[in-house]
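Novice: Sequence:
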Amino acid sequence: MAYYYPKPETALRRAQDLQSVQKPQSALEVIHDYLTARRTRHRLWQPTHEPMMKKYAELSVVLLKNGKDGLIRYRHICQISENMKSLEVIIRYFVHCAEQAGQRAVKQIREELKIDDALILMKKVRKPVTVLKKPLVVADEKESFESVETQEKEETVEKELTDEEKEKIKMFSQKQFNSPVLKYQWNAYKTVLDILRNNSSLEHVYHDITDQAVKFCRNLERTSEFRKLCELLRYHLTGIQRQNAQGIKPGYVNLKDPKTLAIKLETRFRLLDSATALDMWSEAYRIIEDIHELMGYSKSPLNPSLLLKYYEKLSQIFWVAKNYLFHGYSLFRFYSLSIEAKVDEKEVQRLGEACVLAALSIERESRFVSSTSAMTEHDRSNLKLARILKFSALPKRKLLLGMLISKRLIDVNDKKSLYWLMEKEFDPLDLSKRVCPLLEELKTEALLAPYAETLTKSLVLRILEQLSRVYEAMTIPSFEKHIPPGMKFEDIEEMLMADVLIDQLSVQVDHQGQMLLFNDDEMESHRMRFQLTSLAKRVSQVCHTISPILEGEKAFEMRTQQTRLEIYNCVRSGLITERRDVFAKMSLIETRKQREEEEKVAHKRMVERRKQEVESKRQDDEKTRLKTLNERRERERLEKEEQIALDRVRQKAREDIAKAEEEVTQMASVAESPVLVEDPNYRKKRHHHGGKKKPEPKIEAGDKVRKLHEMLDKDEVDAQALAKAKHDADAERQATLKANLKSEQKLMDHFVRACRQEEQPIRVKLWRQSQLELISRRKEEWDQFQIDHRKLHERSLSEKTEMERIRPHYSIFREKLVGRLRVMKEKQLERKQMHDKRREMNHQLQEEQKQKEIREREKLEEEQRTREKEEQLQQAKQAEIAREQEEREQELAKQQLAQQKQQQQERTGAIFGNAPQRRSAGAGRFGSSTAAASSSGVSRFGPSAVQAKQAQQAKQAQQAKQAQEAKEAQQAKQAQQAK
Numbered sequence: 006m007a008y009y010y011p012k013p014e015t016a017l018r019r020a021q022d023l024q025s026v027q028k029p030q031s032a033l034e035v036i037h038d039y040l041t042a043r044r045t046r047h048r049l050w051q052p053t054h055e056p057m058m059k060k061y062a063e064l065s066v067v068l069l070k071n072g073k074d075g076l077i078r079y080r081h082i083c084q085i086s087e088n089m090k091s092l093e094v095i096i097r098y099f100v101h102c103a104e105q106a107g108q109r110a111v112k113q114i115r116e117e118l119k120i121d122d123a124l125i126l127m128k129k130v131r132k133p134v135t136v137l138k139k140p141l142v143v144a145d146e147k148e149s150f151e152s153v154e155t156q157e158k159e160e161t162v163e164k165e166l167t168d169e170e171k172e173k174i175k176m177f178s179q180k181q182f183n184s185p186v187l188k189y190q191w192n193a194y195k196t197v198l199d200i201l202r203n204n205s206s207l208e209h210v211y212h213d214i215t216d217q218a219v220k221f222c223r224n225l226e227r228t229s230e231f232r233k234l235c236e237l238l239r240y241h242l243t244g245i246q247r248q249n250a251q252g253i254k255p256g257y258v259n260l261k262d263p264k265t266l267a268i269k270l271e272t273r274f275r276l277l278d279s280a281t282a283l284d285m286w287s288e289a290y291r292i293i294e295d296i297h298e299l300m301g302y303s304k305s306p307l308n309p310s311l312l313l314k315y316y317e318k319l320s321q322i323f324w325v326a327k328n329y330l331f332h333g334y335s336l337f338r339f340y341s342l343s344i345e346a347k348v349d350e351k352e353v354q355r356l357g358e359a360c361v362l363a364a365l366s367i368e369r370e371s372r373f374v375s376s377t378s379a380m381t382e383h384d385r386s387n388l389k390l391a392r393i394l395k396f397s398a399l400p401k402r403k404l405l406l407g408m409l410i411s412k413r414l415i416d417v418n419d420k421k422s423l424y425w426l427m428e429k430e431f432d433p434l435d436l437s438k439r440v441c442p443l444l445e446e447l448k449t450e451a452l453l454a455p456y457a458e459t460l461t462k463s464l465v466l467r468i469l470e471q472l473s474r475v476y477e478a479m480t481i482p483s484f485e486k487h488i489p490p491g492m493k494f495e496d497i498e499e500m501l502m503a504d505v506l507i508d509q510l511s512v513q514v515d516h517q518g519q520m521l522l523f524n525d526d527e528m529e530s531h532r533m534r535f536q537l538t539s540l541a542k543r544v545s546q547v548c549h550t551i552s553p554i555l556e557g558e559k560a561f562e563m564r565t566q567q568t569r570l571e572i573y574n575c576v577r578s579g580l581i582t583e584r585r586d587v588f589a590k591m592s593l594i595e596t597r598k599q600r601e602e603e604e605k606v607a608h609k610r611m612v613e614r615r616k617q618e619v620e621s622k623r624q625d626d627e628k629t630r631l632k633t634l635n636e637r638r639e640r641e642r643l644e645k646e647e648q649i650a651l652d653r654v655r656q657k658a659r660e661d662i663a664k665a666e667e668e669v670t671q672m673a674s675v676a677e678s679p680v681l682v683e684d685p686n687y688r689k690k691r692h693h694h695g696g697k698k699k700p701e702p703k704i705e706a707g708d709k710v711r712k713l714h715e716m717l718d719k720d721e722v723d724a725q726a727l728a729k730a731k732h733d734a735d736a737e738r739q740a741t742l743k744a745n746l747k748s749e750q751k752l753m754d755h756f757v758r759a760c761r762q763e764e765q766p767i768r769v770k771l772w773r774q775s776q777l778e779l780i781s782r783r784k785e786e787w788d789q790f791q792i793d794h795r796k797l798h799e800r801s802l803s804e805k806t807e808m809e810r811i812r813p814h815y816s817i818f819r820e821k822l823v824g825r826l827r828v829m830k831e832k833q834l835e836r837k838q839m840h841d842k843r844r845e846m847n848h849q850l851q852e853e854q855k856q857k858e859i860r861e862r863e864k865l866e867e868e869q870r871t872r873e874k875e876e877q878l879q880q881a882k883q884a885e886i887a888r889e890q891e892e893r894e895q896e897l898a899k900q901q902l903a904q905q906k907q908q909q910q911e912r913t914g915a916i917f918g919n920a921p922q923r924r925s926a927g928a929g930r931f932g933s934s935t936a937a938a939s940s941s942g943v944s945r946f947g948p949s950a951v952q953a954k955q956a957q958q959a960k961q962a963q964q965a966k967q968a969q970e971a972k973e974a975q976q977a978k979q980a981q982q983a984k
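When you line the sequence shown up against this note's numbering, it's residues 6 to 984, in that order.
These aren't lab readings, by the way, just hints derived from the structure by calculation. In this text, all values refer to a predicted model and were calculated from it rather than measured experimentally. A couple of the hints might just be wrong.
Only pairs whose alpha carbons sit at most 20 Å apart, straight line, appear in this in silico PhoX-like list of lysine-lysine [as the list claims (entries may be wrong)]:
id, residue 1, residue 2
1, K173, K73
2, K462, K351
3, K966, K874
4, K462, K493
5, K882, K960
6, K304, K264
7, K59, K70
8, K493, K821
9, K462, K403
10, K28, K59
Given only the sequences and the hints, what does the whole structure look like? Please build it.
Specialist: Next comes the structure, spelled out in structure tokens:
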């Protein structure tokens, strides 16, 4: 059991002591036990709590332990004391520690892989999907949505990465995704957001931590964590909405507060920027839905800069989703807001051109769609998107073009413009030649280049639509002459199938005949409604062009116009009466419809009533049947119970009879017993009774048995008689039946034999007749079969003759198909051979590399063994030299001892000898010289031996040092080769 520390400073001191002796886990447990103890649950906040919680945060980050429980306890302490500022300090410090640990982990990974900042920057560079070349700069605001300088810097850094750099980036991504420290950093963000999710006093901290988490996901490109972050924020927002619906409590977040709503919108817009930067377009659309939902709570208009960003990102999302209709509308809204925000005129003009191209890129509506058509699932999803753009109904392409014309972004009278050629001009054979130069000019501009591809597809569909009005069929080679250069028919065929599915075109492709078939009767009837009016207008224009109106003709034209005016007035005067008749007819039709509806309702009610009556009758019959069945079952049950009771009585009577018979038997045996006969008092007893025998129990038992038999046989006598009579009657009937059956059987045998004798000749005659009929029928069938077979053969020959005409076309088509398949097969074989060859080369290279490594390893081992042998020889030589030196020193020591002995003898002789003075003087002279020689000898041999020994030791130390350096160099080389 953990020890309880009553004060936070005591727990902090104990934790610091444990950390100083390298026990961080125990230190963390001390603080955690203090926070979770029941005694400190309701304790007030103290200033010493902050350093303790900072230590708790540090230890949690070092040990990678989840500190959510401790932070929740500390939040409770701060809420009791109403000191949320301290909680903000601790939370920010905890996140700061986690971020520092994450930065160190990233730096360590980059140092291991030797990745510089330029490589990471090149990895982050992405091609913009927006229709803008650079962010628009608002005249009122000097800051743009994103820094233009940063974008230009990224564009200069962008270049093609090498394979090695790509491999490094891949390894960096794998390591940082698997790093436990970075996982802990993400969990720290999540923990803090959970703690602060519905706290109004720390709302700014909540959004600051959200921004830090977004930067973490964006810098390291952690898309899964970013998606989880968006889902977490969405879950928190749902909880706040649910809480506000129940009632706003003190301290909780209020979505109706303008400041809270503004900061939440700013956070969602930062999430939107990051989602588009990470190419997470589905998540960006969900964020757009969240922003639209939050905008519903706002009573005041949104900031213009945020609205600009909203519609800009919305246009990007719809462009990526290939929903060009809503892309055009969102871009038009962006254009309108840019004008109101006083954006640069050049930027606005360029944006207006993009709006026109976006509108022309939209697919045309289906031919048969009307206002009364039922909504499909696709229309429902588009209606949801339309509500995001604040449309109550589904927007149309014509409406957008009309808005652009009203804004004077489209010049309707310019016959050389792209709008006139794509929408008004009818020239299917030369339309591609007139439009393609304009599309080539678009490709040169960075802003408008993305629309070139979509406009090319729209141009092809426009050509097909116009060709379907003029031609019923067209060959594919001639059609390819009228499409934009560079397009393949395979791509156009895919577009055709997509448009045929949505009823925009009605085209069939005949691959065998290389034909396009335009068989569109419904579309032709739709166009014929206005064909005469259009023909009259165009003929009138042609007539005026060929022959202008003269003076005389002007008067005739005036009279004609006057006549037309009179006819028009007459028609107009009769229009009211006609309209009244039409309305009367419509009211009559409505009345009849209403009457029919009422009759249908009455008939339906009558059918329902009859059904109810039949059902009620059926239920009554069922009740009666069930009642009868229950009564019958109850009666059978009672009879069965009575029979069971009667059987029990009879069984009991039988048992009583058996018991009585047993008693009678026992009494009889007692009466005949010799003991009673020989008893001397027996006669006295008989005499006492007047000479009469006492009634024996046997007689009473016999009466009892007889009574029981009579009682039992009362019902059985009738039953036995009845059974006997029935048995006799059955036996008599069976005997009679047997006798009759025997006589009838004998009679039947004679009758059957007589019938067979009479029918025998008739059967033979019928069989012969049937055989003749069978032979004639088979002969007729055979003749008919020969006739039919001959006709079939002739028809087959004629079909063969007809099919021979298309054999060359079939052969050509088959050769083309076989050739195409052969080319595809050869390409597949070539790719497979290249793949096998590449794999074999890689295998050979790997084998060569392995052999090379083995040879190098053997060479290194051989060199190491040679070097070890040399070292052993050198050590042996050194030992030999040391031994010789030691022997020389021993000899020198022996010589010195001999000289010392000699000197000692001479000194002894000089002291104790009888030699003359001259000799002693000579001896003294020689002795002194010998001593001098000996002293000189000592001085000559002694120091030289010591110097030689020192020199030898120094040489050995130098050789050992060289051997150690060579060994270390060899080990370093082996490690480098292994790496």
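Novice: If a hint holds in the structure, say so; if it doesn't, say that too.
Specialist: Each hint tested on the structure:
1. K173 / K73: violated (36 Å)
2. K462 / K351: violated (29 Å)
3. K966 / K874: Roughly 17 Å separates the two Cα atoms, so the pair holds.
4. K462 / K493: Answer holds: K462 to K493 is near 12 Å, not above 20 Å.
5. K882 / K960: With Cα atoms ~12 Å apart, K882 and K960 stay inside 20 Å; holds.
6. K304 / K264: Since the Cα atoms of K304 and K264 sit roughly 12 Å apart, the hinted pair holds (cutoff 20 Å).
7. K59 / K70: holds (14 Å)
8. K493 / K821: holds (18 Å)
9. K462 / K403: Holds - the C-alpha atoms of K403 and K462 are around 19 Å apart, at most 20 Å.
10. K28 / K59: holds (17 Å)
This entry does not satisfy hints 1 and 2, going by the numbered hints stated previously.
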